[in-house]
Amino acid sequence: ETGVTQTPRHLVMGMTNKKSLKCEQHLGHNAMYWYKQSAKKPLELMFVYSLEERVENNSVPSRFSPECPNSSHLFLHLHTLQPEDSALYLCASSQVGTGNYNEQFFGPGTRLTVL
Amino acid sequence: AQSVAQPEDQVNVAEGNPLTVKCTYSVSGNPYLFWYVQYPNRGLQFLLKYITGDNLVKGSYGFEAEFNKSQTSFHLKKPSALVSDSALYFCAVRDIGNYGQNFVFGPGTRLSVLP
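Each protein sequence line maps, in turn, to chains A and B.
Plus 33 on top of the position in the first sequence (first one is 1) and you've got this note's numbering.
Plus 7 on top of the position in the second sequence (first one is 1) and you've got this note's numbering.
It is worth saying that the hints were derived from the structure and are not from the lab.
One or more hints might be untrue.
[As the list claims (entries may be wrong)] Beyond 10 Å from chain A on every Cβ pair, some chain B residues (computed): (1) E22; (2) N48; (3) L51; (4) D61; (5) Y68; (6) F70; (7) Q78; (8) T79; (9) H82; (10) K84; (11) S91; (12) R101; (13) G113; (14) P114.
[Claimed, not checked] Residues from chain A shown here face chain B by an in silico Cβ test under 10 Å; the list is partial: (15) P75; (16) E85; (17) V93; (18) R96; (19) F108; (20) L111; (21) E117; (22) A120; (23) N135.
Since we're looking at a predicted model, the values are computed, not measured.
A virtual CB, placed ideally from N, CA and C, is assigned to each residue, including glycine.
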């Protein structure tokens, strides 16, 4: 939509499966984010990468494992998920630096259903 | 800690009437405030931001927001609502946590514009 793409757009998985979500940003940004959006709950920040280094991990269960191989790509590896992990997973990117107050650009999200 | 509140879960307005979506904030230091919109099955789209300067900020799609320091508010406004404005609106504030580039989002307000 705005230079941030996510695949797949929809994913259904069993609790014993292993899958990965992919995010790619085409904006030349140096920071990327994973958010979880559940019904009736505020957006939850999960992970932040800046210059490919993880700088934030908001007490996310270990069944979620992020990977940022370069500044344009971000993955979220999933394994042994629970039904309560079903949600919309949003990726975002931004340009960060001293004195910058830039907005984040979001991808369209991956709708995850855990059976 | 930084926080934002959106006191209304739902706002209904007739097409052609002015609309207001409310946001109040609580921050340490200077507030850096943002509005985003989310259409069904889509990611968040940036509308506008307040960093400093003029208290009336103009953004995308005819939206504007008024920063009021004494009332710690940053309400989103539009002079004449369109049915296509119906969506979920999020207010956000820049967090000053460890990294300082994270956002804290409000719970969202669902806007319905009735024809």
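Hint check results:
1. E22: Non-interface label on B:E22 holds, nearest chain A Cβ at 25 Å vs cutoff 10 Å.
2. N48: violated (7 Å)
3. L51: Answer for B:L51: violated, closest chain A Cβ roughly 4 Å.
4. D61: Nearest chain A Cβ is 15 Å from B:D61, so the label holds.
5. Y68: holds (14 Å)
6. F70: Fine: 14 Å to the nearest Cβ keeps B:F70 off the interface.
7. Q78: Given a closest Cβ separation of 22 Å, the condition holds.
8. T79: Given a closest Cβ separation of 18 Å, the condition holds.
9. H82: holds (19 Å)
10. K84: holds (19 Å)
11. S91: B:S91 is indeed farther than 10 Å from all Cβ atoms of chain A, at 16 Å.
12. R101: Incorrect as stated: the minimum Cβ-Cβ distance to chain A is 6 Å, not above 10 Å.
13. G113: violated (7 Å)
14. P114: Violated: least Cβ distance 5 Å, not greater than 10 Å.
15. P75: For A:P75, the interface hint holds, since the closest Cβ of chain B sits about 5 Å away, which is under 10 Å.
16. E85: Violated, because the Cβ-Cβ distance from A:E85 to chain B comes to roughly 14 Å (cut-off 10 Å).
17. V93: Violated: closest Cβ of chain B sits about 14 Å from A:V93, beyond 10 Å.
18. R96: Not OK, violated: A:R96 not within 10 Å of chain B, min 22 Å.
19. F108: violated (17 Å)
20. L111: violated (19 Å)
21. E117: violated (19 Å)
22. A120: Nearest chain B Cβ about 13 Å off; hint violated.
23. N135: Interface hint status for A:N135: holds (8 Å vs cutoff 10 Å).
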